[in-house]
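Chains as they are written, first to last, in the numbering used here: chain A, 63 to 247; chain B, 46 to 342.
Note that these hints are calculated values from the structure, not bench results.
Any given hint could be a false lead.
Claimed, not checked - List time: in silico DSS-like cross-link candidates among lysine-lysine, alpha-carbon distance up to 27 Å:
no., chain 1, residue 1, chain 2, residue 2
1, B, K190, B, K289
2, B, K190, A, K225
3, A, K219, B, K190
4, A, K240, A, K202
5, A, K219, A, K240
6, A, K225, A, K202
Said to hold, decoys possible - A partial selection of chain A residues facing chain B, derived with a Cβ cut-off under 8 Å:
no., residue
7, A99
8, F105
9, E139
10, D150
11, D156
12, R163
13, E165
14, I173
15, R186
16, V190
17, T223
18, R236
19, R241
20, Y242
Unchecked claim - Some chain B residues well away from chain A (every beta-carbon gap over 10 Å; in silico):
no., residue
21, R70
22, H99
23, A182
24, R201
25, E227
26, L297
The beta carbon of each residue, even a glycine, is placed where N, CA and C say it ideally should be.
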Amino acid sequence: MPATTLTNSYDAAFVAEVRRESEQNLALCYQCGNCTAGCPVSFAYDFPVNQIMYLVQTGRKMEALTSHAIWLCASCETCTTRCPNDIDVARVMDVLRHMARRENLVAEHSIHAFWNSFLSSVERYGRVFELGLMASYIGKTGRVLTDADLAPVALRKGKLTFKPHDIHGVAEVRDIFKRYREHRS
Amino acid sequence: MSRRYAYYPGCSGQGTSREYDSSTRAMCQELGFELIDIPDWNCCGSTPAHAVDHLLSASLVARNLAIAEDMDVEGIVTPCPSCLKNLKTSQHRMLRPEFHQEVQRVLGRAVRADLPIKSVLQVLVEDRGIGWIAQQATAPLTGLKVVPYYGCIMNRPPDVMRFDDPENPMALDNLLTAIGAEVLPFALKTDCCGASLGTTRRDVVARLSGRVLDAAAAAGADAIVTACPLCQMNLDMRQAQINKANGSSHRLPVFYYSQLIMLATGQQGERVGLDKLCVSPFSLLESLGPQAGEVRS
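Just chain A, with the same shape it has in the complex:
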């Protein structure tokens, strides 16, 4: 973990915000490392999850929000399940993603693009249209070969449809997105 400097020192507002949005008492974490011991994606993280908790406790906002770890977290809930102090660690990871997104500090662009494509599909059709989702993701990232090897298999098995599964109440779903954006703005 990098040394604390003037640019990454304690940000009290950040700590308060994570605490408020996650509804978790971050001070309860005594760094036992149980979360990291159980985390399946730790091998790919820049900071293991107990260090993310430490960055939050010590108010090091930029390091926490620009980390790759918060995007690679698979939301498997193992950390939350095993925390001896009942901290919902996975929820803290979720909240850090929300904040990084709001502040344009996203470190993993392809994952972020995939999620945006997914939600666009939900907003447009009411349900996820897998083929449209892949096309949108490839359009956003330029990764034209993404899962190109799976497409023929999925097609042969009748698992890809060319028509979106739109629902009658799609206007209601779009209104949910609209009111949510108004609420957050």
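Guided by the hints, dock chain B onto chain A, whose structure is given.
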């Protein structure tokens, strides 16, 4: 007595996991459950929604809850653990009145959020019982060695999911034993497969799902049995990708538990959807003997 539930199929049930959906519907019909689709249900938002905003996630879920509240049912069931976690977590968070109000404002209608929400697996085990299901297994899967793979979130987080043990769940173990399969101990039964990172970070899924495949093979399993569409897709459709990345050569069929219950109760055909599996299970099933060998027809 038939039990009536509102059914939330989830988006993958219409695409990549259509055999899970069709075999679940057929299994429930066979075992005396009446599943009524939540009319005009919408996507729960899955991981992307809760990773973006909990209010958005809960509001997408709440539209489905509100529709189901107008139905004459005893609760909501879904086969998909990811949908299940979103539905139950949102309901759980709506216990806080302030958040409940916010969700209703974004949804634009009232929602009580008080219907019981369970996995299909849970109602099978709780409403019918393992012993009763064992009696229905007229074509037991004798000789089939399997490992049960629950995935990470079927039972987690425990205070929200409230079913089975979060570290060593047994529902699938018991169910598969009841229908005659030989269930091998499996240490990785709740370890994550890499979930939705398959598209964006194939390396992560190759490692995590690769570990599950390696452990299943090392345990001596003929097949893996899942209850999760994303786990199944990663282990089955991506098995060739994973083999290539890891230099392995697995050819392990990955069943949905609902498919095996159908086979063990003597049901076959299109609804079971064995031909939808990417790693073909047919030679394995034929090797079990004449009874299971009929599955092709």
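Hint by hint, here is what the structure shows:
no. : hint            : result
1   : B/K190 - B/K289 : 25 Å, holds
2   : B/K190 - A/K225 : 39 Å, violated
3   : A/K219 - B/K190 : 26 Å, holds
4   : A/K240 - A/K202 : 22 Å, holds
5   : A/K219 - A/K240 : 37 Å, violated
6   : A/K225 - A/K202 : 21 Å, holds
7   : A99             : 13 Å, violated
8   : F105            : 7 Å, holds
9   : E139            : 4 Å, holds
10  : D150            : 7 Å, holds
11  : D156            : 6 Å, holds
12  : R163            : 6 Å, holds
13  : E165            : 14 Å, violated
14  : I173            : 5 Å, holds
15  : R186            : 11 Å, violated
16  : V190            : 4 Å, holds
17  : T223            : 6 Å, holds
18  : R236            : 10 Å, violated
19  : R241            : 5 Å, holds
20  : Y242            : 5 Å, holds
21  : R70             : 17 Å, holds
22  : H99             : 7 Å, violated
23  : A182            : 28 Å, holds
24  : R201            : 4 Å, violated
25  : E227            : 27 Å, holds
26  : L297            : 16 Å, holds
Consistency note: the structure conflicts with the earlier hints numbered 2, 5, 7, 13, 15, 18, 22, 24.
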